[in-house]
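Asks: Top line first, the protein sequences correspond to chains A and B.
Sequential numbering of the first sequence, starting at 213, is according to this note's numbering.
Sequential numbering of the second sequence, starting at -5, is according to this note's numbering.
There may be inaccurate statements among the hints.
Derived contacts from chain A toward chain B, CB cut-off under 10 Å, selection only [to be verified]: (1) D239; (2) E258; (3) K262; (4) A318; (5) D337; (6) A357; (7) R375; (8) G380; (9) M385; (10) I456; (11) I470; (12) K475.
Don't read these hints as lab results, they were simulated from the structure.
Just so you know, even glycine gets a beta-carbon here, dropped at the ideal spot from N, CA and C.
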Amino acid sequence: MATKILVAVKQVIALDEDFEIRADGKDVDADFFLRDLNEWDDFSLEEAVKIKEAGGEVEVVVVTVGPEEADESLRKCLAKGADRAVRIWDESMEGSDSQAIARVLAAAIKHEKPDLVFAGVQSSDHSFASTGIAVAGLLGWPHAAVVNQFDFSLGATQATIRRELEGGVLQMMNIDLPAVLSIQLGINTPRYASLRTIKQAAAKPIETLGLGDLSLNAAEVGEVGSASRVRRMYIPEKGRAQMIEGSLAEQAAKLAAIIKEFKGATV
Amino acid sequence: MSGILVIAEHRRGELRPVSLELIAAAESLKASSGGPVTVAIVGPSPDTFVAALKVTGVDEILTLAAGSGDFDPDTQAAAVSAAIAARSPSLVLIPHSVDAFGYAAVLAAQGGYGFATDVFKIESDSGAWVATRGGYGQKVNVELDFPGKAVVLLTVRAAVYKPAEGSSNPTVTALPVPNVSAHVRPGEYVEMSQADDVDMTAAEFIMSIGRGIGEEARVPQFRELADAMGATLGCSRPIADSGWLPKSRQVGQSGKTASACKLYIAMGISGAIQHLAGMKHVSTIVAVNADPGASIFSVAKYGIVGDIMEFGEELKTHF
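Starting from the given sequences, assemble the full structure and let the hints guide the process.
Replies: Quick look at the structure:
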C-alpha cells in the first residue's frame, strides 16, 4: 500500500511598503497584501518529495485552508513535486485563528488518512508556531516541533528525528509513527520549479472541500471557533536607528570611525 | 478560575532564565488576576529547582515528578494539564520556546483554552485578559482577547520582562502526574556542527552577512573585510542553511548565542524576529541594508541605507 504524506501549507501575506490599517482597526487593508507560499512550507514539501523520490510507492498531498486565491500557492506545490492538492474553504472559515485552522486540518486528515503529516514550524506572517502541533493534539497523534532532520524508512513504525533547540543545540529523538512533524528551515534545499513542471501543474486539478465534506459545522471554525479574537491591530511606534547620511565615502568613513573608536576602547 | 500558573522550564539540568521572566510577568498581573501566582516545574526530581524558584511574587510551587529529565511533549502536556486542573488558573504562562512549540498548542486544542503565542504584553481589561503580539512579520501589533474562555494560555516572548529577583517563602506542593505513554523518546544533544573553530560566543565584534549579499561568490569579499577590520564573520540563518558559511557562524536565536558581542554590524540582514531576538542584547548594532523599511533599523543604533557590496568595498579602504 502506498505511503501517503500530507503536507499542510499556507498562503501567507506580506505587506506592501506603505500599508494602511483597515477602517475597523482590526486588520490591514487587503489592498496592501502580497500573497505567497509560506517559506517554511517549501521545506516541508521538499522533505516529503525527497521521501517519494527515494523510491517506493509514496503519494504527496498538499492541503491548505483558504479562499480561491490560495490555488496559486497549491500550484506552486504541484510544480515542486506534490501529487495532489486539496483546498478547503467555506465563508464561515473567514477569521479563523491557528486553533480553528487546526480543527479543519484535523478533519481533513481523518478524511485523507495519511501515514505522515508535515507542517512548517511557523508561518512568516503571523508566526503562531502552533497549527501543526494543535492538529496532532486534536488527533491524539505523536508529534514533534522544529524538526531539522528526519530519518525514516517506508513502512517503519518509528523514525529518528533531530530537533533544533535554542542557542546552537540540537537534540536527537525517536518518535512513533504516524506522527505530525513541524519542519524547520534548512532541513533540506528546496528545489525550484521548472518551466515544464509549472506548465504541468497548471493543468492539474485542485480538489476542493467544504464544511460538509469534512463533517464540520460553522460554529467550529472562523472567529467563533477560534481561541483568540483580534481586538485591535495597529502600527507600533518603533525605535529608529540614527541614520548615517551622506555620500558613500562619507558613510563609510563615519562607520570606520565608530569601529576604530570601539576597538580603541577595548584594547 | 483565578490566579496565574507559570510553567518553569529547564534543560540539561539547568533552570532556563526565561522561567524567572515569566514569574515577574505573573507578579505584575497578580492584582488583576485576583488569585495567587503558582509556579509548576516538571521533571524526574523537580525538587532540585525549588530553591531557584523561591523568588518575589511566588505563592506556591507545584512539583510534578515525571519524565526522564529531558523534554518530551506527552509527559509535559500531561503534567501541565494536571497542574491546570488542580489550581484552575485564569491565566497560564509558558515560555515561547522550542519545547513549548511542542506541547502548548496541544493543551490549548484539547482543553479548549484561549490561546496566543509569542506574546510580549499582557493586560487585564475589566477582568478579561488581553494579549499583544506581532503580526505580518512584526510590522503590526495585534491585540487579542479571548471571549468566553475561562482559561487563557499564553506563550510569552523571552527577554521582555526583567527576571524576578528577591526571595519568597511559597508553599511547595507535590502533585501527582497521571501515567502517560510517551510517543517521543529524547536522545542525545548535539552541538551545531563546528566546521571551523570559531567561537561566536566569545566574539566582541561581529560582522554578519545576510540574504542581501545575493550570491555565494560574494562571501570571500566580506570575509576579507571582516578580517581587515578585526571582526568575526557571522551570518543569518539563510546563509548558513544554504551552506555558504558553516552553521557555527550563524547568530540569532537558534544560532550560537553571541553573548560577548558589543559591536554588531549587520550587512544585508533585514531582521527576522528570531535574528533580532538573538542579537538585541548587543549595545551597538549597525545595520547596512538596501531597504529603508527593513525591520533591523528598528533595533539598530546606527543605520545606513545602501548597496552592501559598494559600501563594503568603500569601508575596506579604511582598514
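Asks: Which numbered hints are broken by the structure, listed smallest first?
Replies: 2, 3
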